[in-house]
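*Asks:* These are the residues of each chain, in order.
Number of protein chains: 2
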Amino acid sequence: MAALLDKITEGHKRNRVTISDMADALGLTKSTVSRAMNGYPDISQATQNRVKRMAEKLSYRPLSHAQAIKTGRTRSLGLVLQLSDHDAQRPFLAEFLAGLSAGAHAEGWTLTVAASSSTEDMIETFRALLRDGKADGFILPRAIRYDPRVTLLRDAAVPFVLFGRQDDETNCAWFDILGEEAMCDAVRRLHALGHRRIGYINGGTKYAYAHLREDGFRAGMQDVGLEVDDALIIQDAVTSADGAKAAAALLDHPEPPTAIVCGVDFAALGAYQAAAARNLSVGRDLSIIGYDGIPEGAHATPPLTTYQVDNKAAGERLSSLLIRRVRGEPLEDLRETALASFVERGSIGPVPDTSNNTNKHET
Amino acid sequence: MAALLDKITEGHKRNRVTISDMADALGLTKSTVSRAMNGYPDISQATQNRVKRMAEKLSYRPLSHAQAIKTGRTRSLGLVLQLSDHDAQRPFLAEFLAGLSAGAHAEGWTLTVAASSSTEDMIETFRALLRDGKADGFILPRAIRYDPRVTLLRDAAVPFVLFGRQDDETNCAWFDILGEEAMCDAVRRLHALGHRRIGYINGGTKYAYAHLREDGFRAGMQDVGLEVDDALIIQDAVTSADGAKAAAALLDHPEPPTAIVCGVDFAALGAYQAAAARNLSVGRDLSIIGYDGIPEGAHATPPLTTYQVDNKAAGERLSSLLIRRVRGEPLEDLRETALASFVERGSIGPVPDTSNNTNKHET
DNA sequence: ACCCTTGCCGAAACCGGTTTCGGTGTTCAG
DNA sequence: CTGAACACCGAAACCGGTTTCGGCAAGGGT
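Sequences listed follow chains A and B, in order. If you're matching positions, the first sequence starts at 4 in our numbering and goes up one per residue. If you're matching positions, the second sequence starts at 4 in our numbering and goes up one per residue.
Everything labelled a hint here was simulated from the structure, so no lab data went into it. Among the hints, erroneous ones may be present.
For identical chains, the list gives no copy identity; a pair is met inside one copy or between any two copies.
Claimed, not checked - Derived pair list, reagent style BS3-like, types lysine-lysine, alpha-carbon separation capped at 27 angstroms:
1. 73 x 33
2. 55 x 73
3. 33 x 248
4. 60 x 33
5. 73 x 248
6. 55 x 248
7. 73 x 209
8. 248 x 60
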């Protein structure tokens, strides 16, 4: 009889300890246990401790679905990916997810992800997740300048946190890596190596990061006292093909740059091709600095000097921030930045001998 | 008064239509509505239709958390990633997730993902997700030969579906791409081009796919009447560095192969390097075929001939299979396969002139 | 005409929590 | 000594569903 019962309960719900079990074990009522678990002030400290110790002992954790039906919150973070994004943030995704998951797990939260193809689709996806209470808040990767997701979620009064800074920063929580500092630093380093004509290949201008990085590049140029030649700035290179084309344009300039800073590593790798096509040796004839720290860069020849961003750490921070946001902390306290770390490899070097610089192609 | 009420309800739960609203609108009770929605046989067909039409009209969807508390199921698929995996299935992840998400969304399900670093961690992650009812079943990417996840989940009587085939196929639902067919086909094509000495660089032998693909390679060799020289088979190359080393070993063989088949594209790209280091022109002096269809392959010089797998479609199929599994369909009906599609690019060609084949290095 | 199915649905309990409301027992001022 | 304030907890309603149980009416057999 008892065995039969065991078998039945085992099959479906494995003897999970419920709040009633807790109440029985403690000689209290469900309501008291609930309020103790949630730290309500009208439960004495002594009782709270007693309850929490018992929870520990019985390894009781309130079932999030059960609470959700009353509270509406389910302790889960939402992430909707956009495949149309350039390369679907491919290199980052695994690490980024790992970070998000780790940050969520640390607080006992989970991560629900959805993918969308179009922007329309994306909005619909948000709506569906919200309507079904599948996410208490969202992480918004790859901030766009005037991000439609932000207006959508803000109107719906749904918590979110941006990865990247939006134009209208004041109204959101965000985490970002200071790409502009990296770009600025890149210029300084190149200047220290003697470079005076420095080109810049920017990333996708629809994204917020591109503008920031360009600003950083310009700031660096100003710092070292160089004037920027707008002909040496090219926009919207996010793939290696884009980068090759952009670099080609720079190198075919009457006064070509001796160094190129790239907003994204893929573009930098494209620049390698353009250099090779012109018989320029990267690191000697042409210095290249990228940004992102994709693995392909390390395996290129010569290995790409770049600024490495820690996407796993970013994910962790974002999870943490969003959880705090859902818990009600004010926006102002929920903004963090981090720096990308410089990784010096073989793709930069001192400026080449300038005597026959313009005819370098014939070397 | 009414306005105040509106404001309050709006803030927290946006006037979601509940089962009681349905009951009122229809003049039925909650229980009838519930059973009608779930297609219970003791509700007349007429009433079922009436209820479902009304659900459509009011756009009512039962709240999954609310049902979960009684049923234990929440209409969500679980996916736990292992970062330790070679390159964390990096190239595939975005597409794969998109497919999973699409497949889930089509049935009104969602996807919750978690990441784990170690195997221990992974088991703990499964447990946590199950204990909190965050997933009704799991998708298990990258099948391992004797997969610990399989035993874990089978013991716990939790539905799952494998991406890839396990050694013990009879006990699971799975979806897989027939990599062995691709490898076999590769050999046939190379043979048709005149190649007689063909090397094989396999992927990670801990994974199930590697054994299957090697079998496919051997089967192809047998098909065309070639004997396999075990010295021309190298195992466990999953990165481009691995591939370069493996290919180097093959090319330094006294009787080097004129063609190399690779179990994974990354290894194939590594073989490019080994070829370049020996002044062999890929596509002329040495033919290379890969498998996976990573984007890097298309941009290599020459572009890599490979077998493209559609990871998005795979994800969709896996979601669908798992959902059916959770709904109770028997294992036997839940096995599907697909083929990778051959993509001919520049990395293969007719066998080079054999007269000075062994001295090719000096060319 | 009577009983027994069978089809169909309502009433109410239940799931595992949260929250409102109220009722004790102390304490402390008057 | 009384009354009010306060700290603390129990009783019960509630959230949005599912499920068990039972009741009623129509149909079918004798």
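*Asks:* Which numbered hints are broken by the structure, listed smallest first?
*Replies:* The structure conflicts with hints 3, 5, 6, 7 and 8, although it agrees with all the remaining ones.
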